[in-house]
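For the record, the sequence lines run as chains E and G. Take the first sequence: its letters are residues 1 to 299, numbered as in the UniProt record's numbering. Take the second sequence: its letters are residues 1 to 167, numbered as in the UniProt record's numbering.
Hints are not guaranteed to be accurate.
[Said to hold, decoys possible] So the derived label-pair ranges between C-beta atoms look like this:
{"hint": "1", "chain 1": "G", "residue 1": "E162", "chain 2": "E", "residue 2": "G115", "range": "54 to 62 Å"}
{"hint": "2", "chain 1": "E", "residue 1": "R199", "chain 2": "G", "residue 2": "D33", "range": "40 to 48 Å"}
{"hint": "3", "chain 1": "E", "residue 1": "S89", "chain 2": "G", "residue 2": "E162", "range": "54 to 62 Å"}
{"hint": "4", "chain 1": "E", "residue 1": "D155", "chain 2": "G", "residue 2": "D51", "range": "39 to 47 Å"}
{"hint": "5", "chain 1": "G", "residue 1": "P76", "chain 2": "E", "residue 2": "P297", "range": "36 to 44 Å"}
{"hint": "6", "chain 1": "G", "residue 1": "P143", "chain 2": "E", "residue 2": "G115", "range": "27 to 35 Å"}
{"hint": "7", "chain 1": "G", "residue 1": "P76", "chain 2": "E", "residue 2": "P53", "range": "23 to 31 Å"}
{"hint": "8", "chain 1": "E", "residue 1": "A298", "chain 2": "G", "residue 2": "D51", "range": "38 to 46 Å"}
[What the hints assert, rightly or not] According to the in silico footprint, chain G covers these stretches of chain E (three or more CB under 8 Å from chain G):
{"hint": "9", "region": "31 to 45"}
{"hint": "10", "region": "48 to 61"}
No lab work stands behind these hints: they were computed from the structure. C-beta atoms are modelled at their ideal positions from N, C-alpha and C, and glycine is treated no differently.
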Amino acid sequence: MALPADPAPELQEYAHPEKLVTTAWLADHLGEDGLVVVESDEDVLLYDTGHIPGAVKIDWHLDLNDPVTRDYVDGEGFAALMSRAGITSDTTVVVYGDKSNWWAAYALWVFELFGHADVRLLDGGRVLWQSEGRELTREVPQPAATEYPVLERHDEASRAFRDDVLAFLGGQLVDVRSPQEYTGERLHMPDFPQEGAVRGGHIPGASSVPWAKAAREDGRFRPRAELESVYLQEQGLDPAAPVIAYCRIGERSSHSWFALKYLLGFADVKNYDGSWTEWGNSVRVPIVTGSEPGEVPAR
Amino acid sequence: MTAPSGDATASGGPADQGTNAPLPEAFAEIVDDFHAVSGNDRVQMLLEFADDLPELPERYRDHPELLEPVPECQSPIFVITEVDGQGEEAPARLFFSAPPEAPTTRGFAGILAAGLEGLTVGEIRAVPADVTENLGLAEVVSPLRLRGMAGMLGRIKRQLGEKAGLQ
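With the sequences and hints as input, model every part of the structure.
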């Protein structure tokens, strides 16, 4: 049985308020049957330094990715992971993490590829929970193994591949990387390692909307009116038309994907997880450098 | 991990020397300790190194510009070396700075701090560049993240070589 949605008034303005929970709601519901809290971070050891009581760790690199192919785990791998985490197909899963929930949003997106029914984000993530002085523990839970069905992953609804993006040129593409990555001055985030793209720039026609425009200083998502001001008024995006978001490896764009789909209610949003580490290495795909979206090549 | 050669050292050159040299005793013990346990115990051991990373001495706390960043790491980490004298025999000291929200990076720094403590410039420069791959950490932190530790070691070796007048 899924837990009831968080009735907090500040969430109700979003298109899908049931996809977020507040720190206060989570604190009140910790330990309840039917709820599993998942921490998913960039730093794989952060969970072990202290986590929300009862939370389990799911790592994007070690748990969600296939170790050989550049892809996510398959249905059997996901079922085994869910079983270890004590999650059943009826479980309400609340994901939180570091870096304004980049990796948490990415994990949520993978859960949804497998069709897990009820997965929500903790608004504000790890940083907000910590800054509010809420409890963290180093005690690692030992959940009893569950039976989780082997589900087929359905990528069509929320995942875009390189060829999908090529066929989509001229549509609403959103590049959520830093402005310097967009122009091509940089191949990686400031202060982050170079992750191996041989060309810099952006996909022709893509708008530059850095992910942080959807986040407040404290890690929560911005109020709906501010999100509308960024994505609808400034960028002129049409919520009824399809959108594909991308970044470098798909984690920051999962954050924007969540904001567009669940907070603003865009009808068709996909995350291109191959992102710049694929596009910037692909032979003969069109690339634009500089601060303008640029010409979309004729097909 | 089957990293391409040269990937493990940021600076290349002299840092690649001594690939077949035996590990310094303290470092060899750390490697043995990691291999004596598995899975979550390895994670806990790395966490202990993160917790125990010595704080920067005051002379560097007030002068962050003296520290060298290690961009191979996902999280901000800074390293500075001191060399007492010139040449291979000169004693070396290492200092690191990484924030608490970057425990993996702190753990890597803690391993290097403990494993290389009290050694000379020559002894540290002789540490095999692939030692970071032999701790058994790839399976608990992923090979991608381990690159940061190799980056730190490469930068330490380069700094030491410069300061000891070896290059």
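Verification of the hints:
The given range of 54 to 62 Å is respected by E162(G) and G115(E), whose C-beta atoms sit roughly 56 Å from each other. For R199(E) paired with D33(G), a C-beta distance near 44 Å keeps the hint of 40 to 48 Å intact. Distance hint check for S89(E) and E162(G): the Cβ-Cβ separation is about 59 Å, which falls inside the suggested range of 54 to 62 Å. Judged by the Cβ atoms, the range 39 to 47 Å given for D155(E) and D51(G) holds: they are separated by roughly 41 Å.
The beta-carbon spacing between P76(G) and P297(E), approximately 39 Å, falls within the hinted interval of 36 to 44 Å. Distance hint check for P143(G) and G115(E): the Cβ-Cβ separation is about 30 Å, which falls inside the suggested range of 27 to 35 Å. Between P76(G) and P53(E) the C-beta distance comes to about 29 Å, which sits within the given range of 23 to 31 Å. For the pair A298(E) and D51(G), the supplied restraint of 38 to 46 Å is violated, since their beta-carbon distance comes to about 59 Å.
Given a C-beta distance limit of less than 8 Å, the hint that chain G covers the region 31 to 45 of chain E holds, as 4 residues qualify and 3 suffice. Under a criterion of three residues with beta carbons nearer than 8 Å to beta carbons of chain G, the stated coverage of the region 48 to 61 of chain E is upheld, 4 such residues being counted.
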